[in-house]
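Could you put together the complete structure from these sequences and hints?
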Amino acid sequence: MNLLNCLPLLALCACPLAAAQSTVRVDLNGSIQAGTCTTAAVTKTMPAVKASAFPQTAAGKAGVAASYTPFDVALTGCSGVTGANFVFGAAADAEPQQTDSFRNKATNGAPFTAIWVRETAACSTGATVRPGATLSKTFATATYTLPMCAQYYKFAGGLVSMGPLTTTFTVTVTYR
Amino acid sequence: MTLAKALVSVLLAAPLPAAAQEISRARIDLNGTLLAGTCTATAVSKNMPAVGVNAFPQTAAGKGGAAASYTDFTINLTACSSVTGATFVFGTDADRHATERDSFRNKGAGGSPYIAIWLRGSCSAGPTYQPAQAVTKTFTTATYSFPLCAQYYKSAGGLVTQGPASTSFIVTITYQ
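From first to last, the protein sequence lines stand for chains A and B.
Residues 13 to 188 (the numbering used here) make up the first sequence, in order.
Residues 4 to 179 (the numbering used here) make up the second sequence, in order.
Rather than coming from a laboratory, the hints here were simulated on the basis of the structure.
Note that the coordinates shown come from a computational prediction; the quantities given were computed from them, not determined experimentally.
Beta carbons: idealized from backbone N, C-alpha and C, even for Gly.
Label-pair restraints from in silico Cβ distances: (1) A71(B) to A152(A): 19 to 27 Å; (2) T62(B) to A168(A): 51 to 59 Å; (3) K49(B) to A118(A): 52 to 60 Å; (4) G129(B) to K117(A): 52 to 60 Å; (5) A102(A) to A63(B): 35 to 43 Å; (6) A31(A) to G129(B): 23 to 31 Å; (7) N50(B) to G169(A): 54 to 62 Å; (8) A31(A) to T62(B): 42 to 50 Å; (9) A74(A) to N50(B): 55 to 63 Å; (10) A97(B) to A31(A): 17 to 25 Å.
Structure representation (C-alpha cells):
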C-alpha cells in the first residue's frame with residue numbers, strides 16, 4: 013500500500029517540464045551618412061589683357077589686376093549638412109614652375125602664365141588656394157557660398173607673349 | 004481399511020467451505036507529458052543601406068522613418084516536427100530606445116542617439132513589433148517564415164548626425 017500511495021506523488025513531481033524553445037540572434041547593421049547639397053558648375057570668361065600688363069622681365073612674377081575674375085562655389089539645397097571640405101583640383105593641375113597656381117591648359121597658351129586663385133570676393137586680398145588645397149567650412153543653413161577670385165599670373169622664366177589662358181579643375185566637396 | 008483410508012483421503016481433498024476471500028486492488032496511475040516539437044532556427048545578419056541625414060526630419064522635434072533604409076528579412080524555421088505554432092519574443096526591455104520605446108535602440112558605437120531601429124511586419128505597413136513583444140503564430144508544416152522589415156527611425160530630441168545605426172537582439176521562440 014505504501015508503494016501504491018507513492019506512485020501518483022512521483023508522477024506529479026515530474027511535471028514541471030520546460031517548453032521547447034530556441035533562440036535566434038538578429039543583427040542589423042547600418043549607418044547614417046552626412047547630408048548633401050546641390051553644386052553648380054562654374055564657367056567664367058576672364059578678361060583679355062595685354063601682355064604689357066605683366067612684368068617685363070624674365071624673372072618678374074606677379075598677378076594682373078585687370079584680370080580679376082570673381083566667382084562663387086555655391087552650394088544650395090543643403091539638408092542635414094553642418095559643413096564641408098572643399099578640395100580644389102589636384103597637384104596635377106598646378107603650374108610646375110609656380111606650384112601654388114593653376115597651370116595654363118590652353119593649347120599654345122601664353123607662355124609663363126598661370127591662374128592664381130584666391131579665397132576672396134575682393135580679389136586683391138585673400139589666401140591663395142593652391143591646386144590640391146583643402147578648405148574646411150562650417151555652415152548651418154541650406155545654402156553656402158564660397159567666394160573666390162581668379163587672376164592671371166606671370167611666373168619667372170621668360171616673358172609673357174600673346175595667347176590663350178585657360179584652366180580647368182574639379183572642386184570635390186565632402187559634406188559633414 | 005483400504006476403503007477407509009481412501010475415504011479419508013477424499014475428504015481431505017474436498018473444497019473448503021465458502022469462506023471470505025482476500026481481495027486486493029492496486030491502483031496504477033501513469034502520468035506523462037508530450038512535449039512540443041521543435042524547429043531549427045537560423046540567425047539573421049543584415050546590412051542596412053547607408054542613408055544621408057537628410058532622409059530624416061530636419062527639426063529636433065521631428066520624428067519619422069526613412070524609406071531609403073527599408074530592409075526586409077525573415078526569421079526562418081525549418082525542420083519543424085510536431086509543431087503547431089510558436090510564440091516569438093523580440094528581444095527584451097533592455098533593447099528599447101531611450102525615448103522611442105517601441106523601437107530598438109541604436110547600439111552602434113558613437114551612433115546618433117536620435118536614431119532607432121523600427122521593426123515592422125512589412126516595410127511600409129504592417130504591425131510594429133516592439134522590444135519584448137510576444138507574437139504567436141500557428142503553422143502546420145515543417146517550415147515557417149516570419150517576414151519582418153527594419154528601418155531607421157528618427158526620435159525627437161535633436162538632429163540626426165552621421166554615424167553607425169545598428170542593433171541586435173535575441174528572438175526567443177517557444178514552440179507549441
